[in-house]
Amino acid sequence: MLLQFFEWANNLPFSVAYRESLWYFPVTQAFHLVALAFFAGAILVVDFRLLGAGLNKYPVAKIARDARPWLVGSLIVMTMTGIPQFMANAMRYYDNPVFYFKMEALVVALIFTATLRRRVTRTDEARLGRVWPKAVGLTSLTLWLVVVVGGRAIGFY
Amino acid sequence: MNETVMPWIQWLQDQPWTTSWRESAWGYPAIETGHVVSIILFAGFVVMMDLRLVGLAFKETPFSYVQSRLFPWQMAGMALSSVTGLALMVIDPLRFYTNIFFWMKMAMLVVAGANAMAFHLTTYKSVAAWDREVRTPFRARMAGAASLVLWAAIIVSGRLIAYNWFK
Chain V
1 MLLQFFEWAN
11 NLPFSVAYRE
21 SLWYFPVTQA
31 FHLVALAFFA
41 GAILVVDFRL
51 LGAGLNKYPV
61 AKIARDARPW
71 LVGSLIVMTM
81 TGIPQFMANA
91 MRYYDNPVFY
101 FKMEALVVAL
111 IFTATLRRRV
121 TRTDEARLGR
131 VWPKAVGLTS
141 LTLWLVVVVG
151 GRAIGFY
Chain A
158 MNETVMPWIQ
168 WLQDQPWTTS
178 WRESAWGYPA
188 IETGHVVSII
198 LFAGFVVMMD
208 LRLVGLAFKE
218 TPFSYVQSRL
228 FPWQMAGMAL
238 SSVTGLALMV
248 IDPLRFYTNI
258 FFWMKMAMLV
268 VAGANAMAFH
278 LTTYKSVAAW
288 DREVRTPFRA
298 RMAGAASLVL
308 WAAIIVSGRL
318 IAYNWFK
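Listed in order, the protein sequences are those of chains V and A. Our numbering numbers the first residue of the first sequence as 1 and each following residue consecutively. Our numbering numbers the first residue of the second sequence as 158 and each following residue consecutively.
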C-alpha cells in the first residue's frame with residue numbers, strides 16, 4: 001500500500017520531469033529553506049517569549065497573534081516546496097529511514113503546535129502559572145529542532 | 158591571484174587533520190548540520206525584525222524594542238554560523254575555492270553586512286521619531302526589504318554550493 005503510493009508518486013510525469021531537470025530540485029529545496037527561515041522566526045519569537053526571553057514586555061498572546069500569519073504562510077510555502085521534493089525522489093526515500101524519521105517528527109511537531117501550543121499561546125498568562133509556558137516553549141523548540149536536523153540528514157543517508 | 162593562492166589552498170587541503178575531518182563519516186555532516194541550525198536561528202530573528210521594519214509584522218511594537226531584544230540572539234546565531242562555516246571552509250578549502258555559489262554567498266554577506274551597518278549609522282539614529290509608526294521612513298523600509306532579499310539570496314546560494322554547476 002505504502003509502496004504503491006510511493007511508486008505512483010515517483011512515476012508521475014511531473015516527478016519524472018523534476019528528476020530529469022538539473023536545477024528544479026536544488027532550487028525548490030533552496031526556497032524550502034528560505035521559507036524555513038520565516039517559519040523558524042515565527043516559531044522562535046513565540047517560544048523564546050514563552051521562556052521569558054526576547055519580546056517579553058508584551059503578552060504571549062499578542063506576540064503569537066502577530067507571528068501567526070507568517071507561521072501559517074511559511075508553512076504553506078514549505079508544503080508546496082516539500083511535496084515536489086518528495087515526488088521527485090519517492091522511490092529513493094522509500095528506503096531512507098531518515099525520511100520517515102523527519103516526517104514522523106514533523107507530524108508530532110505539527111500536532112503539538114496546533115493543539116497544546118496553540119491553546120497556551122491563546123490563554124491569559126495569569127491563568128497558566130509559571131510552568132506551562134516554559135514547558136510548552138521548550139518542547140516546541142526541541143520538536144522543531146529535531147525536524148530541522150532530521151530534514152538536513154535525509155541527504156546524508 | 159589564482160597562482161599565488163592555489164598552492165596554499167592545496168596545502169591546507171592535504172593536511173592530515175583537514176583530510177581526516179573531511180573524510181570522517183560524521184565530522185563533516187555534524188558541522189554542516191550545526192551550520193544550518195545556527196543560520197536558521199540567525200535568519201529567523203533577522204526576518205522577524207525586518208518584517209517589523211518594513212511594516213508587515215508586530216505593527217504595534219516599537220521597532221527599537223524588537224531590534225534591541227532580538228539583537229543578542231541574532232548575534233549568537235551569527236557567531237555559531239561563522240564558527241561552523243569557517244570550520245567547513247578550513248577542512249575542505251578546495252571545494253569552496255572553486256565554487257561560484259560560495260563566492261556569490263560571500264559577496265552577498267559583505268553587502269548584507271554593509272546594508273545593516275549603513276542603516277544603523279544613518280536612518281536608525283532618528284528612530285525616536287518613527288519608532289511606533291507602522292509605515293517607517295522610506296529609507297528604513299528599503300533597508301529592511303534589502304536585508305530580507307539579501308538573506309534569502311544568501312540562503313539560496315549557500316544551499317546551491319552543493320551543486321558545482323560552473324566548475
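Wrong hints could be hidden among the right ones.
Said to hold, decoys possible - Label-pair distances were calculated between CB atoms; the ranges are:
| id | chain 1 | residue 1 | chain 2 | residue 2 | range |
| --- | --- | --- | --- | --- | --- |
| 1 | A | A182 | V | R65 | 25 to 35 angstroms |
| 2 | A | A271 | V | R65 | 32 to 42 angstroms |
| 3 | A | W174 | V | I83 | 26 to 36 angstroms |
| 4 | A | Y222 | V | E7 | 22 to 32 angstroms |
| 5 | A | A182 | V | W132 | 33 to 43 angstroms |
| 6 | V | L138 | A | M232 | 44 to 54 angstroms |
| 7 | V | F5 | A | R296 | 46 to 56 angstroms |
| 8 | V | L145 | A | W168 | 50 to 60 angstroms |
Unchecked claim - Here are the computed lysine to any residue pairs in the SDA-like style, where the Cα-Cα straight-line distance is at most 20 angstroms:
| id | chain 1 | residue 1 | chain 2 | residue 2 |
| --- | --- | --- | --- | --- |
| 9 | A | K216 | V | R68 |
| 10 | V | K57 | A | A302 |
| 11 | A | K282 | A | A303 |
| 12 | V | K62 | A | A302 |
| 13 | V | K62 | A | A303 |
| 14 | A | K216 | V | P133 |
| 15 | A | K216 | A | V284 |
| 16 | V | K57 | A | P294 |
| 17 | V | K62 | A | E290 |
| 18 | A | K216 | V | G73 |
| 19 | A | K216 | V | F156 |
| 20 | V | K62 | A | K282 |
| 21 | V | K134 | V | E104 |
| 22 | A | K216 | A | S283 |
| 23 | A | K216 | A | V313 |
| 24 | V | K62 | A | T218 |
| 25 | V | K62 | A | G270 |
| 26 | A | K216 | V | K134 |
| 27 | V | K57 | A | A285 |
| 28 | V | K62 | V | G150 |
| 29 | A | K216 | V | I111 |
| 30 | V | K57 | A | A303 |
| 31 | V | K57 | V | I111 |
| 32 | A | K282 | A | P294 |
| 33 | V | K134 | A | V291 |
| 34 | A | K282 | A | T255 |
| 35 | V | K57 | V | G73 |
Read the hints as simulated data drawn from the structure, not as lab findings. Source: prediction; values computed, not measured. Ideal Cβ placement from N, Cα and C applies to all residues, glycine included.
Hint by hint, here is what the structure shows:
| no. | hint | in the structure |
| --- | --- | --- |
| 1 | A/A182 x V/R65: 25 to 35 angstroms | 45 angstroms, violated |
| 2 | A/A271 x V/R65: 32 to 42 angstroms | 35 angstroms, holds |
| 3 | A/W174 x V/I83: 26 to 36 angstroms | 42 angstroms, violated |
| 4 | A/Y222 x V/E7: 22 to 32 angstroms | 53 angstroms, violated |
| 5 | A/A182 x V/W132: 33 to 43 angstroms | 41 angstroms, holds |
| 6 | V/L138 x A/M232: 44 to 54 angstroms | 22 angstroms, violated |
| 7 | V/F5 x A/R296: 46 to 56 angstroms | 52 angstroms, holds |
| 8 | V/L145 x A/W168: 50 to 60 angstroms | 37 angstroms, violated |
| 9 | A/K216 x V/R68 | 13 angstroms, holds |
| 10 | V/K57 x A/A302 | 26 angstroms, violated |
| 11 | A/K282 x A/A303 | 19 angstroms, holds |
| 12 | V/K62 x A/A302 | 24 angstroms, violated |
| 13 | V/K62 x A/A303 | 27 angstroms, violated |
| 14 | A/K216 x V/P133 | 24 angstroms, violated |
| 15 | A/K216 x A/V284 | 15 angstroms, holds |
| 16 | V/K57 x A/P294 | 25 angstroms, violated |
| 17 | V/K62 x A/E290 | 18 angstroms, holds |
| 18 | A/K216 x V/G73 | 18 angstroms, holds |
| 19 | A/K216 x V/F156 | 41 angstroms, violated |
| 20 | V/K62 x A/K282 | 28 angstroms, violated |
| 21 | V/K134 x V/E104 | 24 angstroms, violated |
| 22 | A/K216 x A/S283 | 18 angstroms, holds |
| 23 | A/K216 x A/V313 | 28 angstroms, violated |
| 24 | V/K62 x A/T218 | 10 angstroms, holds |
| 25 | V/K62 x A/G270 | 31 angstroms, violated |
| 26 | A/K216 x V/K134 | 26 angstroms, violated |
| 27 | V/K57 x A/A285 | 18 angstroms, holds |
| 28 | V/K62 x V/G150 | 31 angstroms, violated |
| 29 | A/K216 x V/I111 | 29 angstroms, violated |
| 30 | V/K57 x A/A303 | 28 angstroms, violated |
| 31 | V/K57 x V/I111 | 28 angstroms, violated |
| 32 | A/K282 x A/P294 | 12 angstroms, holds |
| 33 | V/K134 x A/V291 | 31 angstroms, violated |
| 34 | A/K282 x A/T255 | 41 angstroms, violated |
| 35 | V/K57 x V/G73 | 26 angstroms, violated |
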